[in-house]
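**Q** Take a look at the letters that make up each chain.
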Amino acid sequence: MEKIYLDNSATTPLSAEVLNAMIPVLTGVYGNPASIHSFGREASSLLDEARDTIAKTINAHSNEIYFTASGSEANSWAIVGLANANHSRGNHIITSKIEHPSVLEACKYLERNGFEVTYLDVDSNGFIRFADLLSAIKPSTILISVMFANNEIGTIQNIKAIAETAHEKNIIFHTDAVQIYGHMDIDVEDLGIDALTLSAHKIYGPKGVGALYVSNKVKIEPIIFGGNQERGKRGGTTNLAGVVGFAKACEIAKRDMRTNNHKLRLLSEYFISKLTSAVENITINAHTKQKVPNIISVNFVGVDGESLLTKLDMNGVAVSTGSACTSNSLTVSHVITALGMSNDDARSTIRFSIGKNNSYEELDKAIAIIVKAVEELRAFSSTYGSKTRKKKEAK
Amino acid sequence: MYNSKVLNLFTNPENAGRISKPDGIADLYNADKTAHVEFSLRVENGNITGCKFRAQANPYIIAVCSKLTIFAIGLPVNEVSVTKDDIIASLGNTDYDFGFCLDCLYQAIADYREKQEKSKK
Chain A
1 MEKIYLDNSA TTPLSAEVLN AMIPVLTGVY GNPASIHSFG REASSLLDEA RDTIAKTINA
61 HSNEIYFTAS GSEANSWAIV GLANANHSRG NHIITSKIEH PSVLEACKYL ERNGFEVTYL
121 DVDSNGFIRF ADLLSAIKPS TILISVMFAN NEIGTIQNIK AIAETAHEKN IIFHTDAVQI
181 YGHMDIDVED LGIDALTLSA HKIYGPKGVG ALYVSNKVKI EPIIFGGNQE RGKRGGTTNL
241 AGVVGFAKAC EIAKRDMRTN NHKLRLLSEY FISKLTSAVE NITINAHTKQ KVPNIISVNF
301 VGVDGESLLT KLDMNGVAVS TGSACTSNSL TVSHVITALG MSNDDARSTI RFSIGKNNSY
361 EELDKAIAII VKAVEELRAF SSTYGSKTRK KKEAK
Chain B
1001 MYNSKVLNLF TNPENAGRIS KPDGIADLYN ADKTAHVEFS LRVENGNITG CKFRAQANPY
1061 IIAVCSKLTI FAIGLPVNEV SVTKDDIIAS LGNTDYDFGF CLDCLYQAIA DYREKQEKSK
1121 K
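Going down the list, the protein sequences come from chains A and B.
Mapping to this note's numbering: the first sequence position 19 is 19, numbers consecutive.
In this note's numbering, each residue carries its 1-based index in the second sequence increased by 1000.
Source of the hints: derived by calculation from the structure; they are not laboratory data.
Any given hint could turn out to be false.
Stated by the list, open to error - Simulated coverage check for chain A against chain B, where a stretch passes if three residues somewhere in it have a Cβ under 8 Å from a Cβ of chain B: (1) 304 to 318; (2) 337 to 345; (3) 378 to 386.
Heads up, the beta-carbon is just placed ideally off N, CA and C, and yes, glycines get one too.
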């Protein structure tokens, strides 16, 4: 059975170029970058080079890049580390209801430890409302964290305006840029970003590597102790091969961004057009122009998302019902419900995320499989008829 | 994620659909409204001769519903006593709370009884 991977927002396959950059490190450079002997210095030199490469892609200084073991670690560290380091100025944090769980759970942890958190609502396309942001700011607000592009619906927030609003009130601004990196140029200076999260495996790099950019202008406390690595901010021996692969993936993402975006946009438009013609009673969630080109969130009326996902998987098509970090849980997507959808409508949502390796032929095959699976599930859906009737009556 | 018994019944669900002019029918959401099921019954001479289900639910719930119809068909309508343990023994354990499926089947039976009572009056 041919397999078609349409879950590139969960993770991407490792690029051959990245692997080739990692192999010499995996096989030949085993020194600990923290060691002062020649083996360590060789490793340390590669680490510095990787840090420099990644820093340049976002117009940051090398010493503002801290390597982590994942984007989730970087997000959690940003929230907890920035809050703790700036606690003397206040205890209030603002974030949105559609953040990645690694931000939301870190915020909940802080709430249990004396901080106050405001979770901003979003509109039906996933944008935060500036009026809400402005009214949420208090004298005690020390941190605003709003994700750059959402991992389930792809909506891109107006980051520059949010950062400006934060800075006008002397508030630190963090953004989770895991899903946007590689889709648009990010200049942390120009955008006014104080802290930014990146992940390697979303851009055809290795799993187990992330990075947190922290401006030299802001203070952050560590959350992992016990080592002097990452300039004393993040203990633990660095995953050198992973970091080298991450830097290579960043280089490639920057180099191929325009070509990839063009291809992804065409593939996504093709997919949406074909799917909406082939399957009736579906809705594209957050169908706005201000989104990353490859994330397509679709509501299939009367169909349970997990059942559809299972049928597609049994026929070789890999998709997701939400972010990979929540798709094993019994709850509905917090992102989709934040758009204003009911629980049972949210359960009818599937995320397709197209990658640079997908082809039109694959999309055609996937759509044929989707059509059959949806027909089969709707044939005995207990809600399909009544929901479509209600929609027709509403018209 | 799902065992082969669940996947087999999910892929080829027995008794999926709705009985035309049912003798008893009920539909029910689970507590957090993330799944919806419906059971319809045909009762002849006090015995369940037909039982069908429809669902907007995950594969496990679909398999549970299908299994419940299999259990119910052939039983005297007053002697249906399927439990959660019967389902777990048949389909394997799960984290999903499927109790509302049993509730829905019993509500369909109650609907049948109510109609019977009304017809007597």
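**Q** Evaluate each hint against the coordinates.
**A** Status of the hints after comparison with the structure:
no.: 1; hint: 304 to 318; result: holds (count 6)
no.: 2; hint: 337 to 345; result: holds (count 3)
no.: 3; hint: 378 to 386; result: holds (count 6)
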